[in-house]
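Based on the provided sequences and hints, a complete structural model is requested.
2 protein chains.
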Amino acid sequence: MTDIAAIEAAAARAAGVVRRTPLLSSPFLDEIAGRRVFVKAECLQHTGSFKFRGGWSALSSLPEPARASGVIAYSSGNHAQGVACAAKLMGVPAVIVMPRDAPALKIANTRALGADVVLYDRAGNENREEIGAAIAAERGLTLVRPYDEPMVIAGQGTCGLEIAEQAAEEGIDTAEVLVCCGGGGLTAGVALALEAKAPGLRVRPAEPEGFDDTARSLAAGERIGNTGPQSGFCDAILTPAPGEITFPILSRLCGPGVVVTDDEVRAAMRAAFLRLKLVIEPGGAVALAAALFHGDELDGDAVIATASGGNVDAEVFAEVLAG
Amino acid sequence: MTDIAAIEAAAARAAGVVRRTPLLSSPFLDEIAGRRVFVKAECLQHTGSFKFRGGWSALSSLPEPARASGVIAYSSGNHAQGVACAAKLMGVPAVIVMPRDAPALKIANTRALGADVVLYDRAGNENREEIGAAIAAERGLTLVRPYDEPMVIAGQGTCGLEIAEQAAEEGIDTAEVLVCCGGGGLTAGVALALEAKAPGLRVRPAEPEGFDDTARSLAAGERIGNTGPQSGFCDAILTPAPGEITFPILSRLCGPGVVVTDDEVRAAMRAAFLRLKLVIEPGGAVALAAALFHGDELDGDAVIATASGGNVDAEVFAEVLAG
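Note that the protein sequences, when read in sequence, are chains A and B. Once you know that position 228 of the first sequence is 228 in the numbering used here, the rest is easy, because the numbers rise by one and skip nothing. Once you know that position 72 of the second sequence is 1072 in the numbering used here, the rest is easy, because the numbers rise by one and skip nothing.
A hint or two may mislead.
To be verified - Derived DEER-like restraints, expressed as beta-carbon distance ranges: (1) B:1169 / A:27: 27 to 35 Å; (2) A:219 / B:1090: 42 to 50 Å; (3) B:1091 / A:173: 20 to 28 Å; (4) B:1173 / A:263: 46 to 54 Å; (5) A:300 / B:1227: 51 to 59 Å; (6) A:173 / B:1063: 34 to 42 Å; (7) B:1221 / A:263: 55 to 63 Å.
Unchecked claim - Computed footprint of chain A on chain B, listed as stretches where at least three residues anywhere in the stretch have a Cβ under 8 Å from a Cβ of chain A: (8) 1016–1024; (9) 1277–1288; (10) 1312–1321.
Claimed, not checked - Listed next, the in silico SDA-like pairs over lysine to any residue satisfying Cα-Cα at most 20 Å (straight line): (11) B:1088 / B:1015; (12) A:197 / A:174; (13) B:1088 / A:28; (14) A:88 / B:1030; (15) B:1088 / A:27; (16) A:197 / A:5; (17) B:1088 / A:25; (18) B:1197 / B:1255; (19) A:88 / B:1027; (20) B:1088 / A:31; (21) B:1197 / B:1166; (22) A:88 / B:1028; (23) A:88 / B:1255; (24) A:88 / B:1197.
No wet-lab data here; the hints were simulated from the structure. Please read these numbers as outputs of a predicted model, since none were measured by experiment. All residues carry an ideal CB built from backbone N, CA and C; glycine is no exception.
Given below as structure tokens:
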């Protein structure tokens, strides 16, 4: 069970290791959105995404014998790097199961961080959970799930603690907080932290069109999966359905989901390049796209958008800049 | 006369307005450089460069009657935006004299910040100092010089105060601090701040090939100008010669200059994109290029490189990414 005490304990374990990322803004973004826009720049976190928070939290909470045996994770790339980097810093062996069509940069980085990378075919019938479970059993590894894992959610919640502090520094008492949402680990962690520390800030999950399982599930009051393709432009946040552990938290604490188009995501990436000097990957720009282009679905004078990651291949980024 | 008291006074005036930019790092950059590399991300400052520090410092130190009459500045673009933004926030009228061939983004942003932009022809015989002086006299404006201005140097020095604090947080007692150097305002300000607050940190100016007036002047012990072309890839830092006020400070406090090629600058921009998720403009990437590719000219286990700005046009950035 993840609660504010677990998040604060994760923050204590993270001190001096996890980076406190800045909350950025630009009058040019405010003008587009028609309200004040603040961007929580998690793309500046170690490994280029918030996932290092959860990876460090999970590994630092393991008992010593489990750490010595090693860990395994499955991920399209950001959780992979987060766990691999945490494992490297702690001297823990790590196996990472990744889809063969993940961005080349994410696979290369995970390998460079010392992890043993096992590729699988997402379009075929291979199942990453089954592959992971089989290797974990065979080698005696501890599985670190990407979002349905209490210690991972607690780690992502440390981002929410920072948002609460930084909003107070900016004089923001009430605002919507848009969070890029895949399985819901960051969304749940941030929502729990804000519930305790900044109850005037309400989390709104942001998702890309065609992968709006969380928005539909929140509207329906029960978990509903995606039925379309399994891969797309916003690779980092394309999960099949809300998590078992995360969804009840989202259902209790979040406002309605906001769904954006891939073109809006591209425009948000260009705006972040131009106005914030930040590199945001497609899945990490979904919340900013919602802030800039879905203002009619938002309440209040200020909005805070997480920029959850920046691991985008150079060719893709250059194409986005070309418009 | 700029001294540590003037820098600390500028920091007091900047509180709550100027952003404290993060000091970032990546193990991948350390590997390239063969030592620990830290990047002071001034591209994340308001207006996308450190110049807002100097602009705010200068305008906030003006007596009320001078502020009401307005200010004038000449600049290839970053000082323009820094002064324009400070003027807008204070409600001060601003005229900015800019070269016609400055990056389109910098001209557009300066206008969007409410300044009255006057363009001149850099390749012709027009002289920005003379144009600026004539308009200043005609309209009763206060001239805010880009670097040979004590209050501007004091403002840039606030970046050095932050570097001193952040180096201490990282446990760095001794290091070389590479600063992208045009007229020397940032270099002088940072050097003065570090002299007082972190004497184990030594500033090294970094410049692009063909515009290495500061490196040659430091070696000669007197101010020597550039004789080649007046424009180039690293547009932000292409000044004709070290400043009259800045050079004696550099001469007293800095180590030898480091000179990099445009190709090294491009590689540094790609590295910052990939490893730090930062957008750095050519002139702002000169120090990182020196840190990554001129290690044999540096001493010590750690180097701190300023990333002084990020105002690069999308087409140029896309070309750089393409390699």
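Checklist entry - Has the stretch 1312–1321 of chain B got at least three residues whose CB is nearer than 8 Å to a CB belonging to chain A? => result holds (count 5)
Checklist entry - Between residue 1197 of chain B and residue 1255 of chain B, is the straight-line Cα distance small enough, at 20 Å or below? => result holds (17 Å)
Next on the checklist: Please verify whether residue 1088 of chain B and residue 27 of chain A have alpha carbons no more than 20 Å apart.
Outcome noted: Status holds; Cα separation ~11 Å.
Checklist entry - Is it true that the CA of residue 88 of chain A sits at most 20 Å from the CA of residue 1030 of chain B? => result holds (15 Å)
Next on the checklist: Check the hint pairing residue 88 of chain A with residue 1255 of chain B against an upper bound of 20 Å on the C-alpha distance.
Outcome noted: violated (36 Å)
Checklist entry - Do the alpha carbons of residue 88 of chain A and residue 1197 of chain B lie within 20 Å of each other, as the hint requires? => result violated (34 Å)
Next on the checklist: Just to be sure I understand the hint, the distance between the Cβ atoms of residue 1091 of chain B and residue 173 of chain A should be within 20 to 28 Å; is that true here?
Outcome noted: For residue 1091 of chain B and residue 173 of chain A the Cβ distance comes to about 27 Å; the hint holds.
Checklist entry - Does the Cβ pair residue 219 of chain A, residue 1090 of chain B satisfy 42 to 50 Å? => result holds (47 Å)
Checklist entry - Has the hinted range 55 to 63 Å been met by the Cβ atoms of residue 1221 of chain B and residue 263 of chain A? => result Holds: the Cβ-Cβ distance is about 58 Å, inside 55 to 63 Å.
Checklist entry - Do the alpha carbons of residue 88 of chain A and residue 1028 of chain B lie within 20 Å of each other, as the hint requires? => result holds (13 Å)
Checklist entry - Are the Cα positions of residue 197 of chain A and residue 5 of chain A separated by 20 Å at most? => result holds (12 Å)
Checklist entry - Falls inside 27 to 35 Å, the C-beta gap from residue 1169 of chain B to residue 27 of chain A? => result holds (30 Å)
The earlier numbered hints that this structure contradicts are 23, 24.
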